[in-house]
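Peer 1: With these hints in hand, go ahead and build the complete structure from the sequences.
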Amino acid sequence: MQGIRDRVAIVGMGCTKFGEHWDKSANDLIVDSFYEAIEDAGISPGDIQAAWIGTNSSGRRGSMLAYPLKLDYIPVTRVENACATGTDAMRNACYAVAAGIYDLVLVTGVEKLKDSGYAGLPLYPEVTTSQTDPPCPAPVQFALAATRYFHHYGLSFEEGKRILAQIAVKNHHNGTMSPKAHFHREITVEQAMKAPMVAWPLGLFDCCGVSDGSASAIIVRADLAPSFRKDYVLVKGLGIACGAREAQTRSDYDFVHFEENVRAAQSAYREAGIEDPRKEIAVAEVHDCFTITELIIYEDLGFSPRGGGPADVEAGTFTLEGEVAVNSDGGLKCFGHPIGASGIRMMYEVYKQLQGKADKRQLKEPRLGITHNLGGHPGWFTSAVSVLGRAD
Amino acid sequence: MAGIVSFGAYVPLHRLSKETDGWTASGERATANFDEDSLTMATAAALDCLQGLDRKQVDGLFFASTSSPYHEKEVAPLIATACDLREDIRTADFTSSLRAGTTALQAALDAVKAGSARNILVTTAEMRTAQPRSDTEAAMGDGAAAFLVGSDGVVAEVEMAFSLAHEIQDIWRSEGDAYMRTWEDRFIMDEGYFRSMMAAGQEVLKRAGVGAQDIARAAIYAPDSRRLTDISRRLGLDESTQVPAAILQQVGNTGTALAPMMLVAALEEAAPDQRLMVLNYGQGADALILRTTSALSQNGSRRGLKGHLGSKRVMPSYQQFLRWRGLLDVSPAARRPPLPVPSASAMYREQEQNIRFYGVKCRRCGTPQYPIQRVCAVCRTKDEFDPYRFSDKRATLFTYSMDYLGPTLDPPLVVSIIDFEGGGRSLIMMTDRDINEVKPGIPLELSFRLLHVVEGIHNYYWKCLPVRAS
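Chains A and B supply the protein sequences, listed in that same order. Going by numbering that gives the first Met the number 0, the first residue of the first sequence is number 0, and it counts up by one from there. Going by numbering that gives the first Met the number 0, the first residue of the second sequence is number 0, and it counts up by one from there.
Be aware that a few hints might be false.
Quick list of the computed label-pair ranges, beta carbon to beta carbon [unchecked claim]:
| # | chain 1 | residue 1 | chain 2 | residue 2 | range |
| --- | --- | --- | --- | --- | --- |
| 1 | B | T380 | A | D253 | 40 to 48 angstroms |
| 2 | B | P442 | A | Y94 | 47 to 55 angstroms |
| 3 | B | D328 | A | G153 | 38 to 46 angstroms |
| 4 | B | K17 | A | A118 | 36 to 44 angstroms |
| 5 | A | S43 | B | P336 | 49 to 57 angstroms |
| 6 | B | S293 | A | S155 | 23 to 31 angstroms |
| 7 | B | T380 | A | D230 | 23 to 31 angstroms |
No lab work stands behind these hints, which were simulated from the structure alone. Quick caveat: nothing in here was measured; it's all calculated off a predicted structure. Built from N, CA and C at the ideal position, the CB exists for glycine as well.
Peer 2: Put into structure tokens, the structure is as follows:
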């Protein structure tokens, strides 16, 4: 197995502002992120040999990308893999280039959530069933983990909520420095703890927003990258793991860690040659759909020991000034989660950080960053980890 | 001789009582939860009746109620499936009459006597909706009773049965009527109730060759306590010792299920070799004389009526009751898409796991699993399973969430991960819970409930609840 390390590079990226785009369709968002990406790469639309579009529910078929961009009869594949949709579209694009089939490809993620008229995520077109499964929107699913995490580690409701609140406060703080984020407001621990309940024990500020957005990337063979730009970014590792619904069928599924995360990180770290993630990784854009998710991710991705997440939160380990900057751009908490776009939006932040172009939230010379997505239900997740690094 | 082999009952947990804000009637009224109906309560009573018995030996199931969830669709087969009975059984719904419970009981007795079935499970339940603030609403309660009728191990033999039909326009509900209608009270009581009940009661005593003083306990339908006292006296029965009115006072008028529930109460109190009387009303009357046998004392493992009455929860407000009955249309907490229509073919295909609540047990590694799998979740062996029933297993709560925005008439919606005794796990909704008592580790049992009604399809499934004290 050769793996993906150093075989493909990102030479251009684009990302729309994330938010409530009442004046823009999914097509508009695709055009905006795409043109920023090709201008960043210094290429024209005709240079693209193949494309991947990641979306959960904003369109079907490859043509949904070809139409707004008027691509010239090139192959386009639509990818869906829950909240890891964008990252999986990127993974497939990278593999096609690494396999030598293409030299230059496009990957775009998009989601238009705010036209549904409903609070929260729209219902996905599921397979018709007998409709006996409990209604389990995302807040409920992750609340199951929060309840168990508090119980397992003996945290009182107040103690647990205070830890989660600090994660929300950190991400909101980072978001104030992200012009493309949906939310730009500082919040306090007290505000977060006292917010209205959504799915107990998770309150309003434990949940990420619901937004529209799109992000795009231009991928080339690594040996061709220097001809596009000096500060290109190399793909170091890509890992995806899918659960088989263990949380609902096996009594040994503990709800205080997500095995999918552990496996996806292991395979990505192995490819990238990462041995001590806490020391080696400078920036991590992780899937903070809920504060409890980010807490568990610290432990699953090897930043904190098991049960050590709360102590690291208290110590400020994951702030911009800490050991690993987690969600330096504000994360899903501030960007919201337009499902197909999120994974590529995260890569956009890591790409900008590695290039030293992250403005007020710029970290000091980061060399290695990761992105992480987690979608579905506990035990039934798709988890994806990508590792990106500077070329020099 | 044919008779009652086993009996069971079900009384919903919730009560309208003097502590309920906005409820002014005297006494307590048992109130089905928003996810209960006559079908689910009949199932609960049937399962109570079958405690400790081999369900595969049951040859038939009769359901009796005026509040069947369907105008057209027999529901006895669904109850039989939830009870995990065989498929080669006789089923029937007895509806439209408050007398349907005793009519079903007599039909079951006749089938057993004729030898066309070894035994038949008769289950009767009622959950009628009355006009808010009406006298009828104040008197009505919800509940269920079930009897296994057979000829082996009989605890109460039926010595005599007598029925009469009496045409009168007293109580009726036509297609499209939300609530029952009645004619003027004095007319329907004098010319309907008392005339039929007196005639049937006196005749059955005469035919059995016994006097009122020979009856240890009588189960007599009456719309309220006052009328129960009245009919008892007219028949020469002492209302305080022979005709306890506890059910009317603590549960309410449970319609079709009332006299059967009173019979369960009588059987619970009776000693061997005592005479019991059943007198039931509805466009005529059914009257039965039973004699308990020495097997009666062995009927001890059920919750029965006593066990169910031992645990209750007072509803905080009359408004909550109206919301549960759909009489007060409350805006949901969050705007969400309409419920999808359940697929009839998927429901049909999945009835083993959804209605019988079967999972599988791996023959290789022994792990029980729900729902039904093709490949073992633990050892990954393909298609080597035995069927495994989860509906009668106790469980413990592993973790849970309380959804304050979820689609439920009783927020928050408690979604739980439960571990079954003996192995197996499920993601399942919790009902009949006090949110202050919900925490990891609490013991749970299962109950068959109504999930939702979409396009007229009543979709039933199992929920967990904290083990009910009894």
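Peer 1: Indicate, hint by hint, whether the structure satisfies it.
Peer 2: Structure-based check of each hint:
Between T380/B and D253/A the CB atoms are about 24 angstroms apart, so this pair departs from the stated range of 40 to 48 angstroms. For the pair P442/B and Y94/A, the beta carbons lie near 50 angstroms from each other, so the given range of 47 to 55 angstroms is met. A beta carbon spacing of about 44 angstroms between D328/B and G153/A agrees with the range 38 to 46 angstroms that was offered as a hint. In this structure the hint that K17/B and A118/A lie 36 to 44 angstroms apart at CB holds, the actual value being about 39 angstroms.
Hint check: S43/A to P336/B, Cβ distance near 42 angstroms, so the stated range 49 to 57 angstroms is violated. The given range of 23 to 31 angstroms is broken by S293/B and S155/A, whose C-beta atoms sit roughly 57 angstroms from each other. Between T380/B and D230/A the Cβ separation comes to about 53 angstroms, which falls outside the hinted range of 23 to 31 angstroms.
The structure is inconsistent with the numbered hints 1, 5, 6 and 7, although it conforms to all the rest.
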